[in-house]
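The chain contents come next:
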Amino acid sequence: MIEVKNLTKRYGDKLAVNNISFKVEKGEILGFLGPNGAGKSTTMNMLTGYISSTSGQILINGADILDEPKKAKSNIGYLPEIPPLYVDMSVDAYLNFMFDLKKCKLPRKAHLKDVCDLCKISHVRTRLIKNLSKGYRQRVGLAQALINNPPVLILDEPTVGLDPNQIIEIRTLIKKLGKRHTVILSSHILPEIQAVCDRIIIINKGVVAADGTADEIASNITNEHKMTLRIEGPTHTITDKNTITDALRAISGVKYVRADMEREKGIYDFDVETDGKTDVRRAINELCKEKGWNILMLQLSDLTLEDIFLKITMGEQAAVPETETSGKKKRPEINIVLESTDAQEEETDGGDTDAEEEGGDE
Amino acid sequence: MGAIYRREMGAFFTSGLAYVFLGVFYIFSGYYFYNEVVLSGYADTSPLFRNMFRIVLFLIPILTMRLLSEEKKNRTDQGLLTAPIGLWEIVLGKYFAALTIFIIAESVIFIYAIILGYLGSVVWATLLGNYFAMLLLGAAFIAVGVFISSLTENQMTAAVVSMAVMFFVYLFDSFSDRISWQKLYDIVKDLSFYSRYIEFTRGVFNLTSVLFYLSTAFLFNFFTVRVLEKRRWS
Numbered sequence: 002m003i004e005v006k007n008l009t010k011r012y013g014d015k016l017a018v019n020n021i022s023f024k025v026e027k028g029e030i031l032g033f034l035g036p037n038g039a040g041k042s043t044t045m046n047m048l049t050g051y052i053s054s055t056s057g058q059i060l061i062n063g064a065d066i067l068d069e070p071k072k073a074k075s076n077i078g079y080l081p082e083i084p085p086l087y088v089d090m091s092v093d094a095y096l097n098f099m100f101d102l103k104k105c106k107l108p109r110k111a112h113l114k115d116v117c118d119l120c121k122i123s124h125v126r127t128r129l130i131k132n133l134s135k136g137y138r139q140r141v142g143l144a145q146a147l148i149n150n151p152p153v154l155i156l157d158e159p160t161v162g163l164d165p166n167q168i169i170e171i172r173t174l175i176k177k178l179g180k181r182h183t184v185i186l187s188s189h190i191l192p193e194i195q196a197v198c199d200r201i202i203i204i205n206k207g208v209v210a211a212d213g214t215a216d217e218i219a220s221n222i223t224n225e226h227k228m229t230l231r232i233e234g235p236t237h238t239i240t241d242k243n244t245i246t247d248a249l250r251a252i253s254g255v256k257y258v259r260a261d262m263e264r265e266k267g268i269y270d271f272d273v274e275t276d277g278k279t280d281v282r283r284a285i286n287e288l289c290k291e292k293g294w295n296i297l298m299l300q301l302s303d304l305t306l307e308d309i310f311l312k313i314t315m316g317e318q319a320a321v322p323e324t325e326t327s328g329k330k331k332r333p334e335i336n337i338v339l340e341s342t343d344a345q346e347e348e349t350d351g352g353d354t355d356a357e358e359e360g361g362d363e
Numbered sequence: 765m766g767a768i769y770r771r772e773m774g775a776f777f778t779s780g781l782a783y784v785f786l787g788v789f790y791i792f793s794g795y796y797f798y799n800e801v802v803l804s805g806y807a808d809t810s811p812l813f814r815n816m817f818r819i820v821l822f823l824i825p826i827l828t829m830r831l832l833s834e835e836k837k838n839r840t841d842q843g844l845l846t847a848p849i850g851l852w853e854i855v856l857g858k859y860f861a862a863l864t865i866f867i868i869a870e871s872v873i874f875i876y877a878i879i880l881g882y883l884g885s886v887v888w889a890t891l892l893g894n895y896f897a898m899l900l901l902g903a904a905f906i907a908v909g910v911f912i913s914s915l916t917e918n919q920m921t922a923a924v925v926s927m928a929v930m931f932f933v934y935l936f937d938s939f940s941d942r943i944s945w946q947k948l949y950d951i952v953k954d955l956s957f958y959s960r961y962i963e964f965t966r967g968v969f970n971l972t973s974v975l976f977y978l979s980t981a982f983l984f985n986f987f988t989v990r991v992l993e994k995r996r997w998s
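Respectively, the protein sequence lines represent chains A and B.
Position in the first sequence counted from 1, then plus 1, gives you our numbering.
Position in the second sequence counted from 1, then plus 764, gives you our numbering.
Same shape as in the complex, but just chain A (with noise of 0.2 Å):
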């Protein structure tokens, strides 16, 4: 659907894009990660045709965006970081205008029904866009991208500057899209991309970093597995600790066991850590049950997108601590949930702030 091969952006002496190549298929919902200033809205810009590149060469639905620009383009719904509003403009007019711009066949009413109703901008049409919160601004934006039904749906950064439950409303909305049109989504916020995405390319400094699933990013990225265990021992003292401690070693997989401190009263914490290769937590809690020890805590502490993403971006000086990921962070693994709380929201958000001046410094 989308080819990129070896695309090139040159600002001067600035090297914004370097030799970035990439395919999406028909479908497939891709993210855009990087660091603010990492080249993400450069290559939509070139994807979409508003900038041109230095060489390279772009190709959607087969049709080169800078050879058959027309053809190309009417291929491609395209939401801007700013979304192109006309805020003297009520919505309907807006939509109409945009309606025109595309020369789109469609039936008019129904279709421009059909997107209003998509997303959920239906009962603001005959509003001034300049009255309209920031939220609605975006879906506006977005139900501009979709009309005319482009195939390819490009998307700089949707959700910035919106509330958490119109993020969520977003990112639903993206996923039913993803269904039927190729999506390209931008972000710096992590738990979107792996909210929406199923595949992802991490920018840094102009060039791909890492491209795949997520999973198949951390694996790609490092070898460690680990995971914390809290065990109840029968006898609640410090014998326990090093009887838990020799018994888990034992298990075949095992590579390493430490016995973290007393997190409840004669309870122990254990960090373990595996070969990466065998799935230990079932072996685990068959030794458990056959000693009739209780396990309270099992947590998975896999790197997480964010720490794959800092490694990346920040650089191998700059990887998070291991005692950091093993220890402090309880955070869910790769697999996030949609409906991810404000809380990891914030968290995210100041990791990739620190991302930022990092990469600055450099």
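No lab work stands behind these hints, which were simulated from the structure alone.
Glycine residues also receive a C-beta, built at the ideal position from the N, C-alpha and C atoms.
Any given hint could turn out to be false.
[To be verified] Cross-link-like lysine-lysine pairs, in silico, DSS-like; alpha carbons within 30 Å at most:
{"no.": "1", "chain 1": "B", "residue 1": "Lys837", "chain 2": "A", "residue 2": "Lys15"}
{"no.": "2", "chain 1": "A", "residue 1": "Lys177", "chain 2": "A", "residue 2": "Lys72"}
{"no.": "3", "chain 1": "A", "residue 1": "Lys72", "chain 2": "B", "residue 2": "Lys994"}
[Unchecked claim] Facing chain B, a subset of chain A residues (Cβ under 7 Å, in silico):
{"no.": "4", "residue": "Gly50"}
{"no.": "5", "residue": "Tyr87"}
{"no.": "6", "residue": "Ser91"}
{"no.": "7", "residue": "Leu102"}
{"no.": "8", "residue": "Ala111"}
Based on these hints, arrange chain B on the given structure of chain A.
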């Protein structure tokens, strides 16, 4: 092109720019009509058109200042440039919208003609000649204004620069007389918007002048397209 033309026409009226333009145009043309035509006792509309040259000079930038600068500033150009339409359609849609407002303004002359009809007989040949001359002038100046608007993100800058450029063009004549080098004198004289315009108001229909105004209009629209195109490459 139709979509952009209709949107711009709507925007002219919702933003109030069209009312300002038409209002000021009618006030001044009314004044000159009364002062130079009615009071003179002659049914000749040429003095009106001669004086309106200066007014049009300052009014056209109001019409053209926001056409492309605002798109760039509000990033709405992203919507236009990623739509499956050509750059010419964008530029011409805007150009013809501005030209339409100008024609609406200029057509007030037919109301004056009716008034003149009561006072005496209207010389339709000169009146239509004048009307046509002003139309050509507007066509050329609007293209210049649209071009200048494409160079900046700030509408005030676009307006002031356009006014300065057009006023400078108007002054061409007065300083061309001081040029002693014959060749340069000829070139400057040939580029004069004003003397060609005055020629029309005297009732002389000069085909080269028609071509001069039309090619200016085409050339500057072409430049605007190039500016939009160049922006993609930089």
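Quiz item: Of the numbered hints stated previously, which ones are contradicted by the structure, given in increasing order?
Solution: 6 and 8
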